[in-house]
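Take these sequences, add in the hints, and give me the full structure.
Chains as they are written, first to last, in the working numbering: chain A, 1 to 81; chain B, 82 to 162.
Just so you know, these hints were derived from the structure itself, not from any lab.
Wrong hints could be hidden among the right ones.
[Claimed, not checked] Heads up, simulated DSSO-like pairs for lysine-lysine below, C-alpha to C-alpha not over 30 Å straight-line: (1) B:Lys140 x A:Lys20; (2) B:Lys101 x A:Lys59; (3) B:Lys140 x B:Lys122; (4) A:Lys41 x B:Lys122; (5) A:Lys11 x B:Lys92; (6) A:Lys41 x A:Lys59; (7) B:Lys122 x A:Lys11; (8) A:Lys11 x A:Lys59.
Number of protein chains: 2
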Amino acid sequence: MPTIVVDVMPKAELLDPQGKAVAGALSRLGHEGFSGVRIGKRFELTVDTADEQTLATVKTIAEEILSNAVIEDVVGIEVVE
Amino acid sequence: MPTIVVDVMPKAELLDPQGKAVAGALSRLGHEGFSGVRIGKRFELTVDTADEQTLATVKTIAEEILSNAVIEDVVGIEVVE
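Okay, here's the thing in structure tokens:
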């Protein structure tokens, strides 16, 4: 059965405390060259068919259910298998 | 500056209660055709250069810092911009 991946990230202008914590940990652990880390969510939806209508439904679901439009953006919807 | 995306998902054999909750919500809201939902994390790392060495470092970081090898798998590492 096909899988549709939905990627959701915090809006760019928002502070990402988790991301800052990871970035701090990377430099403390000696990993240089990382100027920023942002953390979001990745949803894998197993669907019966990956037709146009399903993709349209997934877009609606992504914006209304899987993400909070006030603080997050849906940055990707992709049929993977 | 280039961005490297790291995708981390819970191991397939593990129960994903969050995913089950979302799947339940989708069917309650009338969205049929979704037989499974799994939720993972998506990291966007802003790096100075996206050369081979940086990618090797990101692979190590992904496995040792960004994911818990006991319950999660790193399912993707990709240079995005």
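So, going through the hints one by one against the coordinates:
1. Proximity of Lys140 of chain B to Lys20 of chain A is assessed by CA-CA distance (about 19 Å); at most 30 Å being required, the pair is judged to hold.
2. Proposed proximity of Lys101 of chain B and Lys59 of chain A is supported: the alpha carbons are some 19 Å apart, at most 30 Å.
3. About 15 Å separates the Cα atoms of Lys140 of chain B and Lys122 of chain B, which keeps this hinted pair within 30 Å; it holds.
4. A hinted pair counts as satisfied when its Cα atoms are at most 30 Å apart, and Lys41 of chain A with Lys122 of chain B qualifies at roughly 5 Å.
5. As the CA atoms of Lys11 of chain A and Lys92 of chain B are separated by approximately 28 Å, the hinted pair is consistent with the 30 Å bound.
6. For the proposed pair Lys41 of chain A and Lys59 of chain A, the alpha carbon gap of about 15 Å is at most 30 Å, so the pair holds.
7. This hinted pair checks out: Lys122 of chain B and Lys11 of chain A have alpha carbons roughly 16 Å apart, not beyond 30 Å.
8. About 18 Å separates the Cα atoms of Lys11 of chain A and Lys59 of chain A, which keeps this hinted pair within 30 Å; it holds.
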